[in-house]
Amino acid sequence: MKNISPRTIIILLVLFGSLLYVLPSFHIDVWPHKKINLGLDLQGGMHLVLEVEAEKAVESTIERMRNDLRRELKTNHIKFANLDRKAFQIHLQVLGDESIDKFNKVLDDEFPEFRIASRKHNADQLSIVLDLPDSDVAEIKKKAAEQALETIRNRIDEFGVSEPDIRRQGDRRILIQLPGVKDPRRAKDLIGKTALLEFKLVDDRHSVEDAIKGKPPLGTEVLYQVAENRQTRRTTKTPYLVEKRTTLTGEYLTDARVNIDSQYNEPYVSIEFNKKGARLFERITETNVQRRLAIVLDKKIHSAPVIQERISGGEARITGSFTHEEAHDLAIVLRAGALPAPVHILEERTVGPSLGKDSIRKGVFSMIIGGILVIIFMVIYYQVAGLIADFALALNILLIAAGLAGFQATLTLPGIAGIILTIGMAVDANVLIFERIREELRVGKSPLAAVDAGYNKATLTILDANVTTLIAAVVLFQFGTGPVKGFAVTLSLGVIASLFTALIVSRQIFDSLLINRQLRSLKI
Amino acid sequence: MQFIQPDINIDFIGKRFTGFVISTTMILISLLSLLLHGGPKYGIDFAGGTVIQVKFNVPTTVKTIKETLEPIGILGASIQQYGDVTNNEYLIRADIAYKKLEGLSDQVQQALIQAISPEAASESSEIQPQSVATSEASDQTATTQTTSQEVPDDQKTQSLPAEVRRIEMVGPKVGKDLREKALLAMFFALLFITIYISGRFEFKWVVSAFMAAGMMGGVYFFKILNVSMPFLIVFALILAMILFWFLRLKYAMGAITALVHDVMITVGIFSIFDKEFTLPIVAALLTIIGYSLNDTIIVFDRIRENSRKLHRNSFDQVINKSINETLSRTILTSLTTLIVVIALFLFGGGIIHDFAFAMIIGVLIGTYSSIFVASPILLLWK
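Just so you know, the protein sequences line up as chains G and D, in that order.
Residue 1 is where the first sequence starts when you use this note's numbering, and the numbers rise one by one after that.
Residue 1 is where the second sequence starts when you use this note's numbering, and the numbers rise one by one after that.
Chain G extracted, bound-state conformation (with noise of 0.2 Å):
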């Protein structure tokens, strides 16, 4: 050891540091204190893909403006017909010449942003279809993903996983991971949950059963409460006639917090509204008193109590038979506000904690299975400088393990497979170089200028062989979803280490064998 070389100083270094990256993740907390990220199909947990619905959000965009037109006609006493939306579009008549110059003031002060998709005027009647720009119908579809993506994730910021994958993929879609996620059917309720809360006054002057047999009063429509025995998981639906008008909704909430009913020691969700609401709140229950109001969550009657008095201070309660957890959830949801448009699963895999402890099991088995026979090989087919390679080897999976915590890379199944299958390519290079420095000793060079030789000679074909294998690995990489990318990012990595292993430290070893140590002959 008289003189160190630059590279030896290099090796030290890359072998020093690669073992401060290793190192935390067998539960050795040492600085860098980054442990490898296990994916999904490995530690467990649940991966989703939902789809914004986000032509819903234009529909309610739409729907809320015609309810606006309808309250400005009425109020500029402007006569009108069939005031309807189908699809994106508002379809009405307005009657009457004077009506009609009243209605065009209205239009272009109030309504500036309908555009007028077809205009027909026929004697004293206009037929009028409005629309929206395509612009702003491309606008509220983007607000509804962001919104969506946003709210999903306050949402399960409060649920309490830790360390989830929120983010956007493409225009209308949204991945979420949750790693090692107790229980995937809450989680799913949680985030699929619209959660769009409205209050409707229930009619009580007509019959339900007769709006379910035939049509429903105008302005009204059947809603039902859906209660379930917990004994028995039989479901119950009771039917509810209320208004289609909703006098108030989630949107002017402030705060839901689960409390415990002192009396029947039952669970249930208090919210707070904000001024506006406690107001409108206030407003409602004074006009409507001995009536009762509908809370509706999604379409779906909670509760339906009877109002007894004027109530003020903006607080009510949601209550039902709910469980402990059912009502926290509600609570979160209802803080966490409503989603702007329902969304749907497109792609759900969950992975039990187990399978994915057996996963890793028989991966880092076969690991030791594949690389023992492969160490053993080695030293057989090559003697010394099998050695060498094993050492290589042995380095290379340990750059490995450091690149994938450096990096916070996710290892992942076929990620495992990406490490087993380097094993066998990273004995590649080694064996690349050795058959030339066998070559180079055939022809009768000592030992020295057969190593430098055969080094020289191979040094090329392993660039050129590994680089190819490097293009395949990052378009895997570029292309691939979760597992494949994984298995990419390991591929990646191994060659690159095999590179180092293979032209830096084996080369290294050899030559401060020969040089260092004088040796005369070299088994191989």
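Keep in mind the hints are simulated off the structure, nothing from the lab.
All values derive from a computational prediction rather than experimental measurement.
Please note: incorrect hints may appear among the correct ones.
As the list claims (entries may be wrong) - In silico PhoX-like links for lysine-lysine, alpha-carbon gap of 25 Å or less:
id	chain 1	residue 1	chain 2	residue 2
1	G	445	D	181
2	D	41	D	181
3	G	445	D	309
4	D	41	G	142
5	D	309	G	56
What the hints assert, rightly or not - Beta-carbon label-pair distances, calculated as ranges:
id	chain 1	residue 1	chain 2	residue 2	range
6	D	172	G	224	26 to 32 Å
7	G	317	D	71	55 to 61 Å
8	D	225	G	244	32 to 38 Å
Unchecked claim - According to the in silico footprint, chain G covers these stretches of chain D (three or more CB under 8 Å from chain G):
id	segment
9	177-185
10	280-290
Glycine included, every Cβ here is placed at the ideal spot set by N, Cα and C.
Go by the hints and put chain D onto chain G.
The following block gives chain D in isolation, referenced to the frame of chain G:
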């Protein structure tokens, strides 16, 4: 130790027509099998559908599971024993993607538990005395998780007679997207490799880059026109071959032909064994591309080196000598890679099983093709 003697001289090039016949036969058999099976058998990743993996604590039969699942609306599911018989593990696969997935796994679990009770249910009630035997199933799965959460995870899985270990649902739209992405991935990998090979071996960086850019543009253009992706890729590959021929991109043509050859035969063997294509299999195919290319390039590299050194010899002799010189390395590397892939195949567990199977075929075919397919193609321009 040495398997291959240094002075070995097998006349590979002389046997190239035998190789041609063997390769053509294998490809024809692959195509025939694909034709008979109506295309590749797509797993749920690409076709959409639902897969549920269930582990039972007591032995059960495929028939029982089938009968249990029909009432809850899972019709025509294919049910397979998974792994060892003693594992009592089954894979249930249904073609439909359930839009209402909420609670599906619970329903399945519940139905299965009820089917194999009562002894199973009473057995578990010993461990969880707080729940009545008959309502045990519903309690576990119902939203009342308070009781089950107190039980440690391990104990819980032991006490449950049936455990849903994995559920995967892919909607049909996602399946189509993934299929197209996978095809594009393979195609782009081939194009980039073309540029690299033509550049490194014949210094035709510019020509090959222009060609690849043109083809990429073409594929994107037709993709916008909604041309079916598989046809598009096949057409693009044929066009690429014609272009290689006229632009005299020898090495690229040799390498790419060998790769397409390998992938086709692997796909064909998968089809013969009626195995499914999933995302990990695509990863395996791409690795095979990388691996086979590795082999091919090492031979090509020697050919390039030797044609400078031995310019008096004929090109066939140069090629033959290069194959022989690299033969020892080719065999050794294939051997070490095969060792690990076989270890993976035997011990890696169910999910990785098919992946390893594809790799075994790929390594064997890839080694063969670098000798008998890629190199002889260089002689086409004589």
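Tested hints:
1. 445/G - 181/D: 52 Å, violated
2. 41/D - 181/D: 17 Å, holds
3. 445/G - 309/D: 19 Å, holds
4. 41/D - 142/G: 37 Å, violated
5. 309/D - 56/G: 72 Å, violated
6. 172/D - 224/G: 26 to 32 Å: Check passed, 31 Å falls within 26 to 32 Å.
7. 317/G - 71/D: 55 to 61 Å: 39 Å, violated
8. 225/D - 244/G: 32 to 38 Å: 45 Å, violated
9. 177-185: holds (count 5)
10. 280-290: Held - the segment 280-290 of chain D has 7 residues with a Cβ nearer than 8 Å to chain G, which meets the minimum of three.
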